[in-house]
Amino acid sequence: MVERYLAPTTLDEALKALAAGDATIVAGGTDVMPQSQAGRFKLGRTLVNIRRVAGLQGGAKEGDEIRLGALTTISQLREDAFIAKTLPVLAEAADHFASVQIRNMGTLGGNIGNASPAGDTLVPLLVLDAVVELRSAKGMRRLRLDEFFTGPGKTKRTPDELITNIFVPAPKPGFVARFAKFGTRPALDISAVSVGIAGIVKDGKISNVRVAYGAVAPTPVRGRAAEAALEGKTLDAATLAAAAKAAQGEVKPISDRRATAWYRREMIHNLVKKVLADVAHG
Amino acid sequence: MSLTVEIRFTLNGSPTRAAVPPGLTALAMLRDIVGLTGTKYGCGEGECGACTILVDGLSVNSCLMFAVECDGRAITTVEGLAADPANDRLRDAFVEEGGVQCGFCTPGMIVQSKYLLSQHPHPSHEQIRRGLEGNLCRCTGYKKIIEAVAKAAEGTP
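Residue numbers (numbering that gives the first Met the number 0), protein chains in the order written: chain A, 0 to 281; chain B, 0 to 156.
The set of hints was computed from the structure by calculation and includes no laboratory data. Bear in mind the structure is a predicted one, so any value in this text is a computation, not a measurement. Every residue, glycine too, gets a C-beta built ideally from N, C-alpha and C. Be careful, since some hints might not be right.
Quick partial rundown of chain B residues pointing at chain A, CB under 10 Å, derived from the structure [said to hold, decoys possible]:
id, residue
1, 1
2, 45
3, 50
4, 64
5, 116
Every beta carbon over 12 Å from chain B, so not counted as near; a handful from chain A, in silico [what the hints assert, rightly or not]:
id, residue
6, 2
7, 6
8, 35
9, 44
10, 54
11, 57
12, 143
13, 149
14, 181
15, 201
16, 217
17, 236
Residues from chain B that keep clear of chain A, each with C-beta distances beyond 12 Å, as calculated [what the hints assert, rightly or not]:
id, residue
18, 36
19, 44
20, 82
21, 130
All chains should be built: construct the whole structure from the sequences, respecting the hints.
Laid out in structure tokens, this is it:
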């Protein structure tokens, strides 16, 4: 039962509210609300609505990093000119995210905190080498996104911490990142599988390769075998085939109502080929 | 006595106050506390768009929104659109093109169409389809709904 409702406008107030314990954080509410209505998630004694906290919106270059505020909505990711120019893979993922109405409410920080294995911004953020900034009344720490998720809906965030920003290294010359998801319809469907691939493409060769998959494990995961099959290689048909085979071999999906494990492995194979072809074409 | 929160907001242009439990949806507040039943409860989990409202000009699913989040905001429902003659063209286009069958999705379709036309005053058919991707019509009357939105956009300066 909620006994207290707070809508802080500053980060300090928000962190103080979390420090008091048993608080539920809400921003867009697009996951908290349906989960709590269905009785699958119990709201804490304090409901902390962080929507009005100043300074956590939008993207900006800071030194050799790009900072993305946790309260940036998915619509803002999709429409922001700076993000479209510097991190087009995120704008592309945002374009295929849920529906217009949900994009207008849902936030980047919420998508990360919700930690769905199929979260649509998570696979692109993994291949962008994203780092999550967490703040609490006690201080600040940063965790690599590929070490942040611990299970479906579970992360290393402690209850008194707030996801405040996401940092990604500013792309170097030749950097290309692409993402594709597969579901039964473009809108509103939770991905059956998704694939992201990034790297620096120079003279037809790819290096600094990052591969990530969604919806094939308890969390979004890096594809280390596919990365090894690609690192330093020329992006020709043989490399594409080897990477797709490595990807198919390293994922361990489950069968559920969206797809069988066999089908997911087949789709990972095919999507890796497709996304690599996109990467090869820049 | 469980907690209620006093909120103030603008509803269809009029200053409004309400006392709402913190876990309540904006949709339940509109229908059960304020008494505006034009906004529909369809799926209750953001899949169907029947509960679409405008919040500070942005379309959202009111079934996913906390009522307390309405505090300080400008809320527009289908009743607010109906009261404004500027939207007569949109309503008439739905009637003339046969964009209404059972009518349950219509309030959400109208509000989402209003938002779509505010973003794209002269939308292509593809932009209309994308703009309405979060709204389901159980009668599957999509073709005529898309034609209605296209017609509403005709002659818009």
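Original post:
So which of those numbered hints doesn't the model satisfy?
Top reply: Those not satisfied are hints 5, 6, 7, 8, 9, 19, 21.
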